[in-house]
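Peer 1: Those protein sequence lines, which keep their order, are chains C and A. In this text, residue positions in the first sequence follow this note's numbering: the first is 563, and each later residue adds one. In this text, residue positions in the second sequence follow this note's numbering: the first is 1007, and each later residue adds one.
Some clues are possibly wrong.
Computed beta-carbon distance windows for the label pairs [as the list claims (entries may be wrong)]:
no., chain 1, residue 1, chain 2, residue 2, range
1, C, S591, A, L1128, 45 to 55 Å
2, C, K682, A, L1128, 18 to 28 Å
3, A, K1080, C, R590, 23 to 33 Å
4, C, R590, A, L1128, 57 to 67 Å
5, C, E603, A, K1183, 51 to 61 Å
6, C, E603, A, P1116, 56 to 66 Å
Anything over 10 Å on all C-beta distances counts as not near chain C; from chain A, calculated [claimed, not checked]:
no., residue
7, T1042
8, I1065
9, V1083
10, F1090
11, S1139
With a cut-off of at most 35 Å between alpha-carbon atoms, the simulated DSBU-like pairs for lysine-lysine come out as follows [what the hints assert, rightly or not]:
no., chain 1, residue 1, chain 2, residue 2
12, C, K581, A, K1113
13, C, K570, A, K1132
14, C, K874, C, K847
15, C, K581, A, K1110
16, C, K1020, C, K1103
17, A, K1080, C, K610
18, C, K671, C, K624
Hints listed in this document are in silico derivations from the structure and should not be mistaken for laboratory results. Ideal Cβ placement from N, Cα and C applies to all residues, glycine included.
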Amino acid sequence: MDELELIKRKLAREIAARKKAEEILEERSLKLFELNQSLKEINASHQKLIYKRTIEIQEKEKNYRNFIENSNDIIYSTDEKGLITYANPQGLKLSGYGSDELIGNNYSKLVSERYFKKIKSFYRTQFIKKIPSTYIEFPMITKLGEELWIAQTADMSIVDGKSRFNFVARDISGRKKAEKALLLSEDKYRSIIENMELGLLEIDRDGKILKAYPKFTKLTGYESSELEGKLAAETLLSPEDVAKMNQRNSERRHGEPGVYETRIIKKDGTDVWVLISGAPYYDEKNRMIGSVGIHLDISHQKRLEEELIQAKEIAEHSLESKDLFLANMSHEIRTPLNGVMGLTEVLLQSNLNGEQRNYLETVMVSSKNLLFLINGILDLSKLSAGNLELNIQPVELISELIHIKNAFSLAAEKKGIAFDIKWHNMLESEWYQLDAVRLNETLTNLIGNAIKFTDEGKVSLTVKKQLVEDGFAYFSFEVEDTGVGIPDEDVERIFNRFEQASNNDSLIYGGTGLGLAISKKIVELMGGKLNVISSPGKGSKFFFETKFPMTEKVEKPDNFVDASNYAFEGVRILVAEDVEINQLLIKKILGDWKCDVMIVENGQEVLDVLLKKEVFDLILMDVRMPVMNGLEATRYIRENPAYGDMPIIALTANAIKEEINKCLNAGMNGYLSKPYSQEQLFSKIAEFIRPSVSVQKQSFIDLDGLKAVTNGDLEFEERMISLFVEDSTTRIGQLEECISNMDDERIMSIVHAMKPAVSYICVDSLLEQVKEIEQGDLSSEKRMELTSSFLLQLRLVLDELINR
Amino acid sequence: MNGVVFTEFIEMTEGEFGLQTVDNIINRAGVEGIYTSIGTYPHEEIMSLVAALSQETEIEVSVLLENFGGHMFKSFVRSYPSFFEDSKNSFEFLENVEGYIHTKVIKIYPEAELPTFETVRLGPNKLEMRYQSDRRMGDFALGLIQGCLDYFKEDAEIQKTLIDEKGSRVDFLIELK
């Protein structure tokens, strides 16, 4: 290829290359332009951003400056030499300096001289060790020379290789003051407590004594050095108190404060009673780290307490003594009363003239009243001890009511007032479970009172069966009178013991004032409440409600035997009785019943007699006897099979239930409480031994006088007798009429007319009575009473004559 | 591959072997042969051109590349005299290649893909230089080093060691005489 061609081709390549280069350059210049454009935009947006940031920074700076300048904290800066470069207004205000007085001055100008060394060394350490931030409290000194406590934070920073301190300090003088005050008040309270004779003891969690305060050491006699570090319980308590204390301490560990009493053993070995108030105390993280015990010497109180307990025991003992006294008194009175009443009864059965009979009957009534009073006192003592129990038995209620009616009819009639008992919704065959004796006692008391306090009008008992439900019958009892009534202010009082509406009442009406108190308690025992409505001058109404369980009719063996018609002929009875008058009485009664009686003085003698192989059908055993009492003797007898099941009946003047149970438990078969009537004794013996028909009977006729007149002419004798019966029957009618008319004259003439016939046919005692009635100087009342008594006996004479 | 390499190669070929050879190797390599120093061309093209020249002249590729390196260095001296102002000797210059010269090159030719040259001064007269490039043009680098020594009128023994077989990493131990 020729050279030219080659050059042309090279040129062509270079032209092409140049064009390519130009394209590349154009492309690049375009790119440059675009880049330039976008750079310009970026620049603009950067400028905007910078402007915005600048504003923000200025705002922030302004805020910070505001913060700093309005801060309640002192804020200031120093250079590394400690020269102040800035102080905020609060710093100037609190220090009292102007800005020009601080800037350029050493910070030591602001530090109290006393603390300067300490502060200087503190910040030197921070500077050397390059500690970024520190905190310290110290008193600042103001321009006026006053000290001001501040808490200061110092931040160290290094700017352009140079150290700088920024201080933020807060006025803590208030807090410091409070701390000081707290210390002072702590001291104050501690000294108060110390001066109050309270012994303080600080104990750690393990019971070790941390600190014993002076009053505590004085209390115990220890030096505080002898106590500190020792275990409190071991050193100060007796072993038996340690367990108690451990319990307390575990409670205190759970953070419960407590007050308790314990004995502390003093250094000299004696003990002292203290009241401990223990409270736990805590560290700043609220962990219980120990407790403070405050000890109050209560030995004196403790002594008083013991004395009080003793006094209480004595009082309680005396209360028991009172009950015992009552029981004894009851026994001691019943014993002679038994003799009095028994023998009075015996005497009343003998031939007496009217006056004698009248006196004896008065003795009997008085004795019964005395017995009633003793029973009342005993009941009250049982009630106050809560020992009174109801003796619940099947009872035919209406028959009880009829008994009550009969018992009071005469008394009401005598006072000239009406008395009535009404019952509703009840039949005679209805039986209930109840204590007939106590119900009777209550109703008797209420009715007795009503009659006693009513002079005209009427007294009534109304019994209503209200409802029957679940086997119970609900009753209301009302005793209403038209008597004197009870003033409002006395209504509450009348149920109290020994209280009557007016003290004068007891003078006018008699009575002990025990009845209502007892009745109220009995009604409560029966599940009711005794109420009263009364208006003075118009009358009173006592009422209560109660319920009785219904029950089937019970057939009771009829033990009632009329003692006057029967006897225990040939029955061998051993009587153990130490009181002579009672020996006399029982001997008389049993003798009348034709018993074979042997009397011994005590239980030992009973055993002696039985040992001699003497045989008896029954033993009447007094309980309280010298040498050996009845219970002991009974137990001996029951232990010996040879004596078999010989009936033993207790005769006890101790009427309480416990005594009765003792008798039955000892092996006795029954009991009779003194005083007893002949009828009661007879019935009791009849429970064990069948009585024989008696031939012995007190007779009111004496035909010797008649026989002397008839001279053996029996026909004439009979005619005389039938004439007497006929005539006397008429005379009885006339005399009764006379009694109701109080016709003295006529009575005197009638009995006078009867006198010869009486002297022929009747016993002397009747003739004596006639003679008495005839007497002119006799009071009318007395004459009526004697006449009544005479009529009673005259009827017996007629009966005897007819049945002869 | 930077256009300078191509334009300098064409220029060197023309100067050494004439325009005919230039035309021949362009034809032989099957390339357009139009290059501008501010353009960028595929690396394979230069290798094709070098291979074509080798066939045309029956001179080994390595020798051609080494010579091309020397030529290139001279061209650098002409075009960028400022590069050489601060260096008092070859070692100083070589030690500045990576940190100074390449930094400037990148500013002018942002698309340039440059090899790395690490240097370790083993003694006052002893320098180790490690070439690393996927272009595997260790011989070209040798020519450049030699050109540098020539420029500073220094004589040195250069020991070339292939660190890997492909020649992408080559150590040069330069010991001044």
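Peer 1: Are the Cα atoms of K874(C) and K847(C) separated by 35 Å or less?
Peer 2: At roughly 51 Å apart (the allowed maximum being 35 Å), K847(C) and K874(C) break the hint.
Peer 1: How does the Cβ-Cβ distance of E603(C) and P1116(A) compare with 56 to 66 Å: does it lie in that range?
Peer 2: 22 Å Cβ-Cβ, so the 56 to 66 Å window is violated.
Peer 1: For the pair supplied as a hint, K581(C) and K1113(A), confirm whether the alpha-carbon distance does not exceed 35 Å.
Peer 2: 23 Å, holds
Peer 1: Would the pair K581(C) and K1110(A) pass a check requiring their Cα atoms to be no farther apart than 35 Å?
Peer 2: Judged against 35 Å, a Cα distance of about 26 Å means the pair holds.
Peer 1: Is 57 to 67 Å right for how far apart the beta carbons of R590(C) and L1128(A) are?
Peer 2: 43 Å, violated
Peer 1: Could you say whether the range 45 to 55 Å given as a hint is met by the Cβ separation of S591(C) and L1128(A)?
Peer 2: About 47 Å separates the Cβ atoms of S591(C) and L1128(A), which means 45 to 55 Å holds.
Peer 1: Does the no-contact call for I1065(A) survive, Cβ to all of chain C over 10 Å?
Peer 2: 21 Å, holds
Peer 1: Between the alpha carbons of K671(C) and K624(C), is the straight-line distance 35 Å or under?
Peer 2: 29 Å, holds
Peer 1: Does the claim that F1090(A) lies outside the interface with chain C hold up, using a Cβ gap greater than 10 Å?
Peer 2: Given a closest Cβ separation of 26 Å, the condition holds.
Peer 1: For a C-alpha distance cap of 35 Å, please report whether K1020(C) and K1103(C) respect it.
Peer 2: 12 Å, holds
Peer 1: Look at the Cβ atoms of E603(C) and K1183(A) and judge whether their distance stays inside 51 to 61 Å.
Peer 2: 59 Å, holds
Peer 1: Need the status of pair K570(C), K1132(A): alpha-carbon distance at most 35 Å?
Peer 2: It is violated: about 50 Å lies between the C-alpha atoms, which goes past 35 Å.
Hint compliance for this structure: hints 2, 4, 6, 7, 13, 14, 17 are broken, all remaining hints hold.
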